[in-house]
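Asker: So you can see what is in the structure, the chains are spelled out below.
2 protein chains.
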Amino acid sequence: MNLALLTDEDFVGDNQVRLTGRRLRHLTDVLKASVGDEITVGRVNGAIGSGRLTRLNNDLAELTVALDQRPPLPLPLTLVLAMPRPKMFRRVLQTVAALGVKDIWIINAYKVEKSFWQTPWLEPEALTENLTLGLEQARDTRMPTVHLRQRFKPFVEDELPGILQERPGLVAHPGTDRPCPTHINAPATLCIGPEGGFIPYEVDKLIEAGCQAVHLGNRILRVETAVPVLVGRLYDSCNH
Amino acid sequence: MNLALLTDEDFVGDNQVRLTGRRLRHLTDVLKASVGDEITVGRVNGAIGSGRLTRLNNDLAELTVALDQRPPLPLPLTLVLAMPRPKMFRRVLQTVAALGVKDIWIINAYKVEKSFWQTPWLEPEALTENLTLGLEQARDTRMPTVHLRQRFKPFVEDELPGILQERPGLVAHPGTDRPCPTHINAPATLCIGPEGGFIPYEVDKLIEAGCQAVHLGNRILRVETAVPVLVGRLYDSCNH
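Chains as they are written, first to last, in my numbering: chain A, 17 to 256; chain B, 17 to 256.
There's no promise every hint is true.
Where chains are identical, the list cannot tell them apart; a pair therefore holds if satisfied intra-copy or between any two copies.
[Stated by the list, open to error] In silico lysine-lysine, BS3-like type, Cα no more than 30 Å apart, as pairs:
no.	residue 1	residue 2
1	Lys103	Lys118
2	Lys127	Lys221
3	Lys103	Lys127
4	Lys103	Lys221
FYI, nobody ran anything at the bench for these hints, they're computed from the structure.
Could you build all of it, start to finish, from the sequences and the hints given here?
Answerer: This is the structure we're talking about:
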């Protein structure tokens, strides 16, 4: 936690916040903070600044905050991701939030196991919690939006073409000749398949919707590694 | 496991191998393989090819293998990494091996907790196991070398300058003005600090040894995310 992310409910006055639960425990157990200490704070979808601890006990921490800096710029990247294995999904959410991706579509694909959609990590509170952990890691405040689409075809036919108008699409596909472009530094949509990849029908549908198929070299990377590699390749900095 | 990595001990004949343990269980439980099936195999530090299952029971799998393809090219990147938190260290090893890094130096730093060096994940068998998992993910065979250096100063003064002669060094340091270079596609050494970063004394010593300090933007990334982002930024493909 390189920043404590504050929600409206944390505010008990204009510049006064009260923290409990995970953030309180982090202050006491990890940071070993005491009254008078300053920590970095930020307000969800708002500014960043510092908070001075004015009260600290087993039940709560109170801080006086001054929020006067802008959060890092978002990446102009939309991520379309076949639903990963639940254990990995959690880490992927944190990673993607830390990288500055703000628009995330979790979709179905032939090789996504049906059981993956049953994970409690897809509950709204769990999504927010893991995105928050990513934002707090990266010192960001802008909460990403996660869209869940359990049916591949209606998403690709009805929604994806609109998304691609603003942000041209790439689909990672080992079979193709064209290598992934580098340092485009421009808006883009990145589609990443499940373990084992998209099936040819799905790649065809993605291309039909407007995506360009690109390969990433002959190493097969896990999604949690492939996404940061691609972000590094497409963007010269995570502050666009 | 996108490839089963074979060691000398697995060979019972010129083209015959016998698998037990983890790889056997993966064949039966995950791939649900049966006699006659072909899987991708590779020999440690050698060629890649296919193996046909000739026998399969609860105790062993026998395969006839044909190894005739080259493994992916290594990345010309040396990674100098402050010893991470053990839980993360394991994943970092797998990630780094999957990315094609072959030369890994795990060093001490002021903010590395002493207890990190006690983890069983530093035992030679555990290092090999996690590197193997990364190679098997990426379909690679070339085993990386891991050097453990529990004393910062002798490493930086006596060993690092020699490493940097072949592969110029970058140290990730948030305080500096110079952004990380992009798509260099050339040999390099990348030094990455612990959670909380290298202290100024350590950065100075790394610069004295010949490293250039660069910043990675104002997001703070976990080492397991920062490494693939940097690999993506420095190299246009993981097949150099």
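Asker: Compare the structure with each hint and give your call.
Answerer: Taking the hints in turn, this is what the structure says about them:
Within a single copy, Lys103 and Lys118 get their C-alpha atoms as close as 21 Å, and across copies as close as 28 Å, so both meet the 30 Å cut-off. Proximity of Lys127 to Lys221 under the C-alpha cut-off of 30 Å is restricted to the intra-copy arrangement: shortest distance 15 Å within a copy versus 50 Å between copies. In this assembly of identical chains, Lys103 and Lys127 lie within 30 Å of each other by CA distance both inside one copy and across copies; the values are 17 Å within and 29 Å between. Taking the shortest alpha-carbon separations for Lys103 and Lys221, only the intra-copy value of 28 Å comes in at or below 30 Å, while the best inter-copy value is 40 Å.
Comparing the model with each earlier hint shows no violations; every hint is respected.
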